[in-house]
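As a plain string of letters, each chain reads:
Protein chains: 8
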Amino acid sequence: MGAVDRATLEKLMDAVALGQITPDEAAQRLERLPFVDLRYAKVDTHRQLRTGLPEVVYAPGKSTEQIRGIVRALMAEPGGPIIVTRASREVYDAVRVVAKAAIYNELGRTIVARAEIGAPIGSVGVVTAGTSDLPVAEEAASTLEAATVKVDRISDVGVAGLHRLLSVSERLRDADALIVAAGMEGALPSLVGGMVSCPVIAVPTSVGYGSSFGGLAALLAMLNSCAPGIAVVNIDNGFGAAALAVRLLRARAA
Amino acid sequence: MGAVDRATLEKLMDAVALGQITPDEAAQRLERLPFVDLRYAKVDTHRQLRTGLPEVVYAPGKSTEQIRGIVRALMAEPGGPIIVTRASREVYDAVRVVAKAAIYNELGRTIVARAEIGAPIGSVGVVTAGTSDLPVAEEAASTLEAATVKVDRISDVGVAGLHRLLSVSERLRDADALIVAAGMEGALPSLVGGMVSCPVIAVPTSVGYGSSFGGLAALLAMLNSCAPGIAVVNIDNGFGAAALAVRLLRARAA
Amino acid sequence: MGAVDRATLEKLMDAVALGQITPDEAAQRLERLPFVDLRYAKVDTHRQLRTGLPEVVYAPGKSTEQIRGIVRALMAEPGGPIIVTRASREVYDAVRVVAKAAIYNELGRTIVARAEIGAPIGSVGVVTAGTSDLPVAEEAASTLEAATVKVDRISDVGVAGLHRLLSVSERLRDADALIVAAGMEGALPSLVGGMVSCPVIAVPTSVGYGSSFGGLAALLAMLNSCAPGIAVVNIDNGFGAAALAVRLLRARAA
Amino acid sequence: MGAVDRATLEKLMDAVALGQITPDEAAQRLERLPFVDLRYAKVDTHRQLRTGLPEVVYAPGKSTEQIRGIVRALMAEPGGPIIVTRASREVYDAVRVVAKAAIYNELGRTIVARAEIGAPIGSVGVVTAGTSDLPVAEEAASTLEAATVKVDRISDVGVAGLHRLLSVSERLRDADALIVAAGMEGALPSLVGGMVSCPVIAVPTSVGYGSSFGGLAALLAMLNSCAPGIAVVNIDNGFGAAALAVRLLRARAA
Amino acid sequence: MGAVDRATLEKLMDAVALGQITPDEAAQRLERLPFVDLRYAKVDTHRQLRTGLPEVVYAPGKSTEQIRGIVRALMAEPGGPIIVTRASREVYDAVRVVAKAAIYNELGRTIVARAEIGAPIGSVGVVTAGTSDLPVAEEAASTLEAATVKVDRISDVGVAGLHRLLSVSERLRDADALIVAAGMEGALPSLVGGMVSCPVIAVPTSVGYGSSFGGLAALLAMLNSCAPGIAVVNIDNGFGAAALAVRLLRARAA
Amino acid sequence: MGAVDRATLEKLMDAVALGQITPDEAAQRLERLPFVDLRYAKVDTHRQLRTGLPEVVYAPGKSTEQIRGIVRALMAEPGGPIIVTRASREVYDAVRVVAKAAIYNELGRTIVARAEIGAPIGSVGVVTAGTSDLPVAEEAASTLEAATVKVDRISDVGVAGLHRLLSVSERLRDADALIVAAGMEGALPSLVGGMVSCPVIAVPTSVGYGSSFGGLAALLAMLNSCAPGIAVVNIDNGFGAAALAVRLLRARAA
Amino acid sequence: MGAVDRATLEKLMDAVALGQITPDEAAQRLERLPFVDLRYAKVDTHRQLRTGLPEVVYAPGKSTEQIRGIVRALMAEPGGPIIVTRASREVYDAVRVVAKAAIYNELGRTIVARAEIGAPIGSVGVVTAGTSDLPVAEEAASTLEAATVKVDRISDVGVAGLHRLLSVSERLRDADALIVAAGMEGALPSLVGGMVSCPVIAVPTSVGYGSSFGGLAALLAMLNSCAPGIAVVNIDNGFGAAALAVRLLRARAA
Amino acid sequence: MGAVDRATLEKLMDAVALGQITPDEAAQRLERLPFVDLRYAKVDTHRQLRTGLPEVVYAPGKSTEQIRGIVRALMAEPGGPIIVTRASREVYDAVRVVAKAAIYNELGRTIVARAEIGAPIGSVGVVTAGTSDLPVAEEAASTLEAATVKVDRISDVGVAGLHRLLSVSERLRDADALIVAAGMEGALPSLVGGMVSCPVIAVPTSVGYGSSFGGLAALLAMLNSCAPGIAVVNIDNGFGAAALAVRLLRARAA
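Sequence order for the protein chains is A, B, C, D, E, F, G and H.
Reading the first sequence from the start, the letters are residues 81 to 334 in this note's numbering.
Reading the second sequence from the start, the letters are residues 81 to 334 in this note's numbering.
Reading the third sequence from the start, the letters are residues 81 to 334 in this note's numbering.
Reading the fourth sequence from the start, the letters are residues 81 to 334 in this note's numbering.
Reading the fifth sequence from the start, the letters are residues 81 to 334 in this note's numbering.
Reading the sixth sequence from the start, the letters are residues 81 to 334 in this note's numbering.
Reading the seventh sequence from the start, the letters are residues 81 to 334 in this note's numbering.
Reading the eighth sequence from the start, the letters are residues 81 to 334 in this note's numbering.
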C-alpha cells in the first residue's frame with residue numbers, strides 16, 4: 081500500500097510531523113484502504129486508478145444477487161467503466177436495476193455500465209479465424225469500446241483460405257494493436273505476427289473437437305509461435321486480451 | 081494367412097484334393113510362414129510383397145549385432161529396399177559388412193540398402209518449416225528415394241515469413257503428394273493444405289522448447305487443422321510419412 | 081493469392097500491360113477475392129476449385145440461422161457438394177429451406193446438398209471396429225458418396241474376434257483406400273495396415289470409457305502404429321478422413 | 081499381523097493361557113516381527129511365506145552396498161528365490177560376494193539367487209511384439225524360471241505381420257497363462273486375448289518414440305482392450321507380470 | 081481362423097483329401113465364420129467357445145433397438161451367459177422381450193441372460209474400499225455369478241480404518257482370487273496384495289473429486305503398487321475384472 | 081488393531097492369562113472390531129477416538145437413504161461431531177429425521193450433527209482470494225466450528241489488490257493456523273506464507289476457466305510455492321483443510 | 081512491509097511525531113528493507129524473524145560462487161540456521177570456506193550452517209516406505225535437527241508388508257507430527273493417517289518407474305487420501321515438509 | 081507478399097503499365113522474394129523491415145556451421161540487430177569470425193551482432209523472482225538493449241518476501257513496460273500486474289522441481305492470473321518477451 085501509493089504515504093508522514101494527526105491515527109489510516117467490504121466481496125473501488133483498467137465482474141459462480149450487489153457498490157463510487165463478463169440475460173436484468181444505462185452484448189455475453197466517453201485512445205483490430213470464435217471476440221470488442229478504443233472487427237480469415245487473410249492485410253497494418261482469436265490449430269496469430277509490426281495478442285478459443293482438448297491445442301500453438309513477440313492470454317479470455325490492449329494504448333498515451 | 085494369401089490357400093487345397101500332398105502336410109505347410117526366425121526377431125521377408133513398402137529396421141534399443149543380423153537375413157531373401165532408421169555411423173559401419181552397397185544419409189540418420197532402381201513412380205515435395213526440421217525431412221526423403229520416388233526438397237518456408245511459402249507455391253502444386261514437417265506451433269500443414277489439392281502428410285517434429293512438450297504442440301495443431309484432409313503421422317516419424325506417400329503412389333500406379 | 085492462382089495473376093499482368101485495365105484497378109482487383117462476406121462469415125466460394133474438396137460447415141457453435149445463411153450463400157455460387165456435419169434434424173429442416181434436395185444421414189448426422197453425380201472416382205472401404213463407431217463411419221461415408229466415391233461399409237470387425245476381420249480380407253484388398261474407425265484400444269488400423277498395400281486412414285473414435293480419455297487412447301495407439309504408413313486424423317473426424325481419401329483419389333485421377 | 085498370521089496368533093494365545101509365557105512377553109513377541117532391520121531397510125524375510133512370491137530388490141536408487149547388504153540379510157534366513165531387477169553387471173559382481181550361485185541375465189538385467197528347484201508348477205508363454213521388447217520379457221522370464229515355472233519364449237510376433245502371430249497360435253493355447261509385452265501401439269494383448277481362454281497379462285513397454293510418451297500409449301491401449309479379461313501391469317514391469325503369473329499358478333496348484 | 085481352431089482345420093483338410101468336399105467349397109467354408117451379421121454388428125456367437133468368457137454387450141452408445149437385436153441374435157445360438165453392462169432399466173425392459181428370464185442388477189446396472197447353472201468353479205472375494213465403489217463391484221459380482229463363480233462381497237474396508245480390513249483377513253485368504261475396487265488414492269489393492277498369496281485384480285473407480293481426475297489417481301496408484309503381482313484393469317471396469325477372474329478359474333479347472 | 085490399540089491388547093492378554101477368557105474367545109474378540117456393519121458401509125464408530133477428527137460422510141455417489149442410514153448408525157454410538165459434505169438441501173431434510181438438531185450451511189453445503197460444545201481449542205483464519213472461493217471456505221469453516229475451533233473469515237483478499245491483503249495482516253498473524261482458499265493462479269498462499277509464521281493450509285479451488293483445468297493450475301502453484309512450509313490439500317477440499325487444522329490444534333492442546 | 085511489521089511501523093511513526101526523524105527520512109527508511117542486495121540475489125536476512133523458519137538456499141541452477149556468496153551474506157547477519165539443499169560435496173567445500181562449522185549430510189545432500197542449539201521444541205517421526213525414499217527423508221531430518229527438533233527415523237515400513245508398519249505403531253503415536261515419504265503408489269500416508277491423531281505431512285517421492293511419472297502417481301494418491309487431514313507438499317520436497325513441521329511446533333510452543 | 085508489401089506491388093504495376101518491364105518479368109519478380117536461400121535455410125533478410133524486430137537465430141538443433149552461415153548471410157544484407165539465442169561460447173567463437181563486433185552475454189547465452197545505436201526508444205523493467213531466473217531475464221535484457229531499449233534489472237523480488245517487492249515499487253511504476261520472469265508457482269506477474277498500469281509481460285521459467293513439470297506450473301499460473309491484462313509467452317522464452325516489448329515500444333513511437 082505504502083508501496084502502491086507513495087505520494088499518499090509522504091503526505092501522511094508530513095501530517096504526522098506537523099502534528100495534524102497522531103501517529104496512532106496514521107497507522108490506522110494506513111489500514112483504511114480503498115475498498116468497500118460487502119462481507120462476500122471486498123470491492124476494490126480504486127483499482128481503476130491504480131491500473132487504468134475497467135473494473136470486471138466475472139459472472140460464473142456468483143449469484144445474481146451477489147453480482148448486483150457488487151455492481152451497486154462500484155456504481156456508488158466515482159470511477160470508470162464496469163464490465164460483467166459471461167453474463168446471461170437474466171443477470172443483465174438484475175444489473176439494470178442498479179445501473180440503468182448498462183448495455184448488454186448478446187453475442188459476447190458482456191454487460192457494460194458507465195462506458196467511458198471521449199476521443200478514442202487508439203484503434204485495435206479484433207480478428208477471428210472462424211464464425212465460432214465470435215463470442216470471444218465480442219467479449220474483447222465490448223471491453224475495448226467501453227474504454228474508448230476504436231474497434232475494427234475482421235472476421236473469418238482463418239488460415240485454410242489464405243486469400244481471405246491477405247485481402248485484409250491493410251486493415252491489419254492500420255491497427256495500433258491486434259487481438260487474434262482462433263480455436264482448432266490456433267495458427268492465425270503466427271501468420272498475422274509475421275505480417276505486422278504492432279503488438280499481437282493471441283486468444284486461444286475452445287472451438288474445436290476431439291484432440292483440441294477445450295482449446296489446449298490452440299493455446300500450445302500460440303505459445304510456440306515461430307513469429308516472435310506474440311502475447312498469449314488464457315483460453316476464451318476475450319476480456320483479458322482487451323485489458324492488455326488497453327494497457328498498451330494507455331502506456332502509449334502516457 | 082489364409083486371409084493374407086487366398087490364392088496360395090486355394091492352390092494348397094487343390095494339391096490336397098489331387099493327393100499331391102497329404103492333409104497333414106498341408107496343415108503343417110500352412111504354418112511354415114514366410115519369415116526367418118532369428119530367435120531375437122522374426123524377420124518378415126515377405127512383408128514388401130504384402131504391403132508394397134520398404135522393409136524398415138528401427139535402430140534404437142537394438143544392439144549393433146542384432147541390426148546387422150536382421151539386415152543380413154533380409155538381404156538373404158529376394159526383395160526390395162531395406163532401410164535402417166535413427167542409425168548412428170557406427171551402426172552403418174556394421175551394416176556395410178553384410179550390405180556392401182548400403183548408403184548412409186548423415187543428416188537423416190538412415191541407411192538404405194538395395195534401393196530400387198527404375199522410373200520414378202511419382203514426385204513428392206518434402207517441405208520443412210525451419211532448418212531444425214531437416215533431419216526428419218531427410219529421413220522421409222531417403223526413404224522415398226529408395227522406393228524410386230522423385231523428391232523435391234522445399235526447405236525453411238515457415239509461416240512467420242509468408243512470402244517464402246508463396247514463392248514456392250508452384251512447386252507445391254506440381255507434386256503428387258506433399259510431406260510437411262514442422263515443429264513449434266505446427267501451422268505449416270494447415271496453410272499448405274489450403275493451397276493445394278493433392279494429399280498432404282503432416283509430420284510434427286520435436287523442434288521447439290518450453291511448452292512445445294517434445295512436439296506435442298505441433299502434433300495437436302496438425303490433428304486440429306482447419307484445412308480438411310490432412311494426414312498426420314507420429315512426432316519425428318519421417319519414415320512413416322514416406323511410407324504413407326509410397327502407399328499413395330503405389331495405389332495410384334495400380 | 082498470386083501464390084494461389086498464378087495463371088490469373090499472369091492474365092492480370094497482361095491486361096495491365098495492354099492498357100486494358102489501370103494499374104490501380106489491378107491492385108484493387110487483386111483484393112476482390114473469391115468469397116462472399118456475410119459479416120459473421122467469409123464464405124469461401126472458390127475453395128473447392130482450389131483444393132478439390134467438398135465445402136464443409138461444422139454445425140456445433142453456430143446458430144441454425146448462421147448455418148442456413150452460409151448454405152444459402154454457397155448455393156448461390158456454382159460449385160460442388162456442400163456438407164454440414166454434426167447436424168441435428170432441426171438444422172436439417174432449416175437447411176432444406178435453402179437447399180431443397182439436401183439429404184440427411186441420421187446416423188452420421190450429416191446434411192449433403194448438391195451431391196456430385198457421375199462415374200465413381202474410386203472405391204473406399206469404411207471399416208469399423210464396433211457398432212458404436214458407426215456414426216463416425218457414416219459421417220465419412222456420406223462425405224465420400226457426395227464426391228462420387230463408391231463406399232464399401234465393413235462393420236464390426238474389431239480385433240478381439242480376429243476371424244471376423246480375416247473373413248473380409250478380400251474386400252479390404254479390393255479398395256483403393258481404407259478408412260478405419262476404432263475406439264477403445266484403437267488397434268484395428270495396425271492390423272489392417274499389415275494386410276493391405278493401399279493407403280489406410282485411421283480415425284480414432286471417442287468410444288470407450290475410463291482411461292480411454294475421450295478417444296486419446298485410440299489416437300495415441302494409431303499414431304504409434306507398428307504398421308508403417310498409416311494416416312491419422314482427429315478424434316471422431318469422419319469428415320476429415322473422407323476429405324483425405326478424396327484428395328488421394330483425385331490425385332490418382334489427375 | 082493377527083490378520084497376517086492367525087494360526088500363530090492362536091498358538092500364542094494358547095501359550096499364554098497355559099502359562100508358558102507371560103502376557104507381557106506375548107505382547108512383546110507380537111511386535112518381534114519377521115523382518116531384519118538393517119537401519120536403511122527392513123528386510124521382510126517372511127514375505128514369501130505370506131504371498132508365495134520371490135523376494136525382489138529393485139536396484140535403481142540403491143547403492144551397490146545397500147543391495148549387497150539386503151541380499152546378504154535375505155540369504156541369512158531360510159526362504160525362496162531372491163531377485164534383483166534392473167541390475168548392472170557391477171551390481172551383480174557385488175551380489176555374488178554374498179550369494180555365490182547367483183545367476184545374471186544380461187538382457188533382462190536380473191540377478192537370481194537361490195532359484196527354486198523342483199517340478200514346474202506350470203507353463204507360461206512370454207510373448208513379445210518386437211525385438212526391442214526383449215529386455216522386459218527376459219525380466220519376466222528369469223523371474224518365472226526362478227519360481228520353477230516353465231517358460232515358452234515367443235518373440236517378435238507383432239500385429240503388423242499377422243501371419244507371424246497365427247503361426248504360433250498353438251503354442252499360445254498350450255500355455256497356462258500368457259505374458260504379452262508390447263510397446264508402440266500396444267495392440268498385441270488384444271489380439272492374443274481374443275485367441276485364447278487362459279489369463280493374459282499385458283506389459284506395456286517404453287519402446288517407441290514421439291507420442292508413445294515412454295509407454296503411455298501402449299499402457300492406455302492395453303487398459304482399453306476390447307478383449308475382455310486382460311490384466312495390465314506397469315510400464316516395463318516384467319517382474320510384476322511374472323509375479324502375477326506365479327500367483328495364478330500357485331493358486332491353481334493350491 | 082486356421083490359427084484359431086486347428087482341429088477344425090485338420091478335419092477340413094481330411095474332408096478335402098477324402099473328396100468329401102471340393103477344394104473350392106473348403107476355401108469358401110473357411111470364410112463362413114461363426115458370427116451372425118446384423119449389418120450394424122457382427123455378433124460373435126462362438127466367442128465363448130474360444131475364450132471361455134460370457135458374451136458382453138456394452139450399452140452406452142448403442143440404441144435400445146440395437147441392444148435388443150444383438151441379444152436376440154445371441155439367444156438364437158446355443159451358448160453361455162450373456163451380459164449387458166451399464167444398462168438402464170429401460171434397456172432391461174427391451175431386453176426382456178427377447179430374453180424372458182433375464183435378471184437386472186439395479187446397483188451394478190447389469191442385465192444377465194442365460195446365466196450358467198452348475199457347481200461353482202471357484203470363489204472370488206469382491207472387495208470395496210467405500211460405499212461409493214459398490215456399483216463397480218456389483219457389475220463384477222453379477223458377471224461372476226452368471227459364470228457360476230461363488231462371490232463373497234466384502235464392503236467398505238478402505239485403508240483409513242485399518243482394523244476393518246484386518247477383521248476380514250480370513251475371508252480374504254479363503255478366496256481363490258480377489259477383485260478389489262477402490263477410488264480416491266486407490267491404496268487398498270496394495271495392502272490386500274501384501275496380505276494374501278492369491279491373484280489380486282485391482283479396479284480403479286472414478287470415485288473421488290478434485291485431483292482424482294475421474295479415477296486416474298487410483299489407476300496410477302494401482303499400476304505402481306509396491307505389492308508385486310497385482311493385475312490392473314480399466315477405470316470402473318467391473319466386468320473386465322470379473323472376466324479376468326473367470327479366465328483364472330477356468331485355467332485352474334482345466 | 082493390536083497395533084492400533086496396544087493397551088487393549090495387553091488387557092486382553094491379562095484376561096487370557098488369568099483364565100477370565102479362553103484363548104479362542106480372545107482371538108475372536110480381536111476380530112470383533114469397533115464398527116457397525118450396514119452391509120453397504122462399515123460405519124467406523126471409533127474413528128474419532130483414534131484420530132481425533134469429526135466423522136465425515138461425503139454425499140456424492142451415495143443415495144439419500146444410504147446417507148441417512150450412515151448418520152443414524154453414527155448417532156446411535158457415543159461420539160463427537162458428524163459432518164455430511166457436498167450435501168443438497170434434500171439430503172439435509174432426510175438427515176434431520178435421524179439427527180434432529182443437525183444444522184445446514186447452505187453456502188458450504190455441509191450438514192453438522194452433534195457439534196461439539198466447549199471452550200475453543202484455538203483460532204483459525206479462513207482466507208479466500210475471491211467471492212467464488214466462499215463455498216469451499218464455508219465447508220472448512222463449518223467443520224472447524226463443529227470441532228470448537230474459533231473461525232475468523234477473511235474474504236476476497238486476492239493478490240491483484242495487494243492493499244486488501246495488507247489491511248488484514250494483523251488478523252492473519254493472530255491466528256493459530258490459516259486456511260487459504262484460492263482458484264485461478266493460486267498465488268495467495270505463497271504471499272500469506274511469507275507474512276506469517278503459523279502453519280498455512282492451502283486449498284486450491286476449481287474457480288477459473290480455460291487453462292485453469294478445474295483447479296489444476298492453482299494446485300500446481302500451491303505445491304510449488306516459494307514460501308516454505310505450505311500444506312496443500314486436494315482441490316475444493318475444504319473439509320480436508322479443516323481436518324488438518326484440527327489435527328494441528330489437538331496436537332497443540334495435547 | 082508496514083503490513084509485515086506493524087510494531088516497527090508504529091515506532092517509526094512515533095519517531096516522526098517526536099521530530100526525532102524527518103518525514104522524508106521515514107519514507108526512505110521504509111524502503112531500506114531488511115535484505116542484503118548481492119545484485120544476483122536479495123538475501124532476505126530477516127525472513128527467519130518473520131516466519132520462524134530456517135533460511136534455505138536451493139542449490140540447483142545456482143553457481144557454486146553464487147551459493148557461497150549467499151551463505152556469506154546470511155552469515156554476516158545475526159540469525160538462525162542456514163540450509164543448502166540438493167548440494168553436492170563440491171558445493172559443501174565451497175560453503176565451508178565461509179561457514180566453517182557447516183555440516184554435510186551425504187544422503188540427504190544438505191548443508192547445515194549455524195544449526196540452532198537448545199532444548200528440542202518437539203519430536204517428529206520421519207517415516208519412509210522404502211530404502212529409496214531415504215534421501216528425501218534425510219533432507220527433512222537434517223532440516224528438523226537444525227531447528228532443534230528431535231527426529232525419530234522410521235524406515236522401510238511400506239504397505240506391502242503391513243506387519244512392519246504395525247510394529248512401529250507406538251513410535252508413530254508418540255510423535256508430535258509425522259513426515260511420511262513414499263514413492264510408487266504413495267499409499268503409506270493414508271494408512272498412517274488412519275492410525276494417529278497428530279498432523280501427518282505427506283511427501284511424494286520420485287521413486288518408481290513407468291507410470292509413476294516422476295512421482296506424479298504418489299502425489300495424486302496423497303492428495304486423494306481417504307484419511308482426512310493429510311498435508312501434502314511437492315514431490316521430493318523434504319525441506320518443505322520439515323519447514324511445515326517447524327511451523328506446527330513453533331505455533332504449538334507459542 | 082503482395083499482401084505484405086502493397087506499395088511495392090503498386091509500383092510494380094506502374095512499371096508494367098509504363099512498359100518499363102514486361103508482364104512476364106513482373107510475375108517473375110513477384111517471386112524473387114527478399115530472402116537468401118542457403119539450401120538449409122531461407123534467410124529472411126527483410127523481416128526486420130516488415131515486423132520491426134531483431135533477427136533471431138535459435139541455436140539448439142543447428143550445427144555451428146549452419147549458425148555461422150546464417151549469420152554471415154544476414155550480415156551481408158543491410159539491416160538491424162542479429163541475435164543468436166541459447167548459444168554456447170563455442171558458437172560465439174564461430175560467429176565472431178563472420179561478425180567481428182558481436183557481443184556474448186554469458187549468463188543469458190545470447191550473441192548480439194550489429195546492435196542498434198541511438199536514443200533509447202523506451203525503458204523496460206526486467207524483473208525476476210529469484211536468482212535462478214536470471215538466465216532467462218538476461219536473454220530478454222540483451223535483446224532489448226540490442227534494440228536501443230533502456231533496461232532496468234530488478235532481481236530477486238519473489239513473493240515470499242513481499243517487502244523486497246514493495247521496496248522497488250517506484251522502479252516498477254517508472255517503466256514503460258515490465259517483463260516478469262518467475263518459476264515455481266509463477267505468482268509474481270499477478271502481484272506486479274495489480275501494482276502498475278503499464279503492460280506486463282510474464283515469462284514462466286523452468287525453475288523448480290517435482291510438480292513444477294519444467295515450468296508448466298508457472299505457465300498455468302500466469303495464464304490464469306487474476307490481474308487482468310497480463311501477456312504470457314512460452315516457458316523460458318526471454319527473447320520472445322523482449323520481442324513483444326519492442327513491438328509495444330515501436331508502436332508507441334510510431
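Derived by calculation from the structure, the hints in this document are not laboratory data.
Each hint should be verified, as a subset may be incorrect.
Some chain H residues flagged as far from chain G (calculated, every beta-carbon gap over 10 angstroms) [unchecked claim]:
#, residue
1, 166
2, 168
3, 181
4, 254
5, 287
Footprint (simulated), chain A over chain B, 3 or more residues, beta carbon under 8 angstroms [said to hold, decoys possible]:
#, stretch
6, 192-205
7, 230-244
8, 268-274
9, 281-294
Quick reminder that beta carbons are idealized off the backbone N, C-alpha and C, glycines included.
Hints, one by one, checked against the model:
no.: 1; hint: 166; in the structure: holds (16 angstroms)
no.: 2; hint: 168; in the structure: holds (16 angstroms)
no.: 3; hint: 181; in the structure: holds (27 angstroms)
no.: 4; hint: 254; in the structure: holds (14 angstroms)
no.: 5; hint: 287; in the structure: violated (6 angstroms)
no.: 6; hint: 192-205; in the structure: violated (count 0)
no.: 7; hint: 230-244; in the structure: holds (count 5)
no.: 8; hint: 268-274; in the structure: holds (count 4)
no.: 9; hint: 281-294; in the structure: holds (count 5)
The structure is inconsistent with the numbered hints 5 and 6, although it conforms to all the rest.
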